[in-house]
Amino acid sequence: MTSEQFIKHVEGTQMAFRRFLVALCCGDAALADDIAQDAYIKAYLSCKSLNDIDKFNAWLFKIGYNTFISHKRSEKAFADYEEARNIMSLETTDSQFRYQELYIALNKLPDKERTSVLLYYMEGYSIKEIAELEETSEDAVKQHLSRGRSHLRGLLSNS
Amino acid sequence: MEDDKIKELFTNFQPEMSSSLQFMAKLQKNMERVEILKQHSLAIKKRNKLAVCIAAAIGFLMGVILTLLFPLIGSWVSTFSISLPHLQISSFTIDYSFVGWIIMAVTCIITALNAYEIALVKLTPKESI
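Which chain is which? The protein sequence lines are A and B, in order.
Sequential numbering from -16 applies to the first sequence in my numbering.
Sequential numbering from 133 applies to the second sequence in my numbering.
So that you can see chain A by itself, here it is in the shape it has in the complex (with noise of 0.2 Å):
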């Protein structure tokens, strides 16, 4: 894959992988930008590993999560969830306030959960391709997809 057909690949498929990470990220735009350009860059690097260029999607997802993931590990203390919300609700726009209620939901379930969540639903993946994203058994994308849709509906009820 050149670099021409990498930029062209990723023109068409920023916007979807950017709205991924920002739910992943709670709403943390400026973070999912970040590790956007963290896990193009590493694709970039690695693109000539990829044999198979309709997979690039997939792929792309793979190293999004992977960067996620790692970056949620070097960050040893996250910010207390009560201080995030007071920022967001001084910052946020009428349009990040829509979704204030999702992202603390979000926010509450873990990783695994959310991830699975958020492929499923919002990407329309299926579980066997979820669990090759999350190297993980599709019993287990199962299961995170079903706590985390009862986690989900318990949350948003309540709000």
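Keep in mind that the hints are not guaranteed to be accurate.
Stated by the list, open to error - Listed next, with one range per pair, are the computed distances between beta-carbon atoms: (1) A:31 to B:230: 52 to 60 Å; (2) B:197 to A:25: 45 to 53 Å; (3) A:93 to B:250: 19 to 27 Å; (4) A:-6 to B:167: 16 to 24 Å; (5) B:135 to A:-4: 20 to 28 Å.
As the list claims (entries may be wrong) - Sample of chain B residues lacking proximity to chain A, with all beta carbon distances greater than 12 Å (derived): (6) 155; (7) 156; (8) 178; (9) 194; (10) 237.
Unchecked claim - Here chain A is said to cover these stretches of chain B; the calculated rule only asks that three of the stretch's residues, wherever they fall, bring their Cβ under 8 Å from a Cβ of chain A: (11) 135 to 145; (12) 157 to 165; (13) 247 to 254.
Source of the hints: derived by calculation from the structure; they are not laboratory data.
The C-beta atom is built at its ideal place from N, Cα and C for all residues, glycine as well.
Guided by the hints, dock chain B onto chain A, whose structure is given.
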């Protein structure tokens, strides 16, 4: 909340993000930086390889020259031991040929290492020093 509602919630999810143009411009800038770094590290690898080749060639050449000169070195050592009889070098029963080979090997290694260092300095562009 039902399954369809969750699906609907995420399907209609349109968060506020920075513009695509801005994002792509930043990405292209980062990719250019990556290219520069890649070229730089490639040049360093090439330079190191060349320096190793030069050092190996010079070390080999030195080895050949010293091997050819070995009989002369042997005669020079024996002349030296005869001219200094009071030191009684021969009474130690030193194997001069073995010592000679050791000296040759050490000389070759030192020459090769020096050649490597000099080659690296000479091959490095002046701006990056």
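Now for the hints, and whether the structure bears them out:
1. Taking 52 to 60 Å as the suggested C-beta distance range, the pair residue 31 (chain A) and residue 230 (chain B) conforms, at roughly 53 Å.
2. For the pair residue 197 (chain B) and residue 25 (chain A), the supplied restraint of 45 to 53 Å holds, since their beta-carbon distance comes to about 51 Å.
3. Checking the proposed 19 to 27 Å range against residue 93 (chain A) and residue 250 (chain B) shows it is violated: the Cβ atoms sit about 59 Å from each other.
4. Between residue -6 (chain A) and residue 167 (chain B) the C-beta distance comes to about 18 Å, which sits within the given range of 16 to 24 Å.
5. At roughly 26 Å, the beta-carbon separation of residue 135 (chain B) and residue -4 (chain A) lies within the given 20 to 28 Å, and the hint holds.
6. The claim that residue 155 (chain B) lies off the interface is violated: its Cβ sits roughly 6 Å from the closest Cβ of chain A, which falls inside the 12 Å cut-off.
7. Residue-level check failed: residue 156 (chain B) sits 6 Å from the nearest beta carbon of chain A, not beyond 12 Å.
8. Listed as a non-interface residue, residue 178 (chain B) keeps its Cβ farther than 12 Å from every Cβ of chain A; the least gap is roughly 19 Å.
9. The Cβ of residue 194 (chain B) sits about 42 Å from the closest Cβ of chain A, beyond the 12 Å cut-off, so the non-interface label holds.
10. For residue 237 (chain B), the requirement that its beta carbon stay farther than 12 Å from each beta carbon of chain A is met, with the minimum near 43 Å.
11. Counting residues of the stretch 135 to 145 of chain B whose CB falls under 8 Å from any CB of chain A gives 7; the rule of at least 3 is met.
12. Check on the stretch 157 to 165 of chain B: 5 of its residues sit with their Cβ under 8 Å from a Cβ of chain A, so the three-residue criterion for coverage holds.
13. Using a Cβ-Cβ cut-off of 8 Å, 0 residues of the stretch 247 to 254 of chain B lie near chain A, which falls short of the minimum of three, so the contact claim is violated.
The structure fails to meet hints 3, 6, 7 and 13 from the earlier list, while all remaining hints are met.
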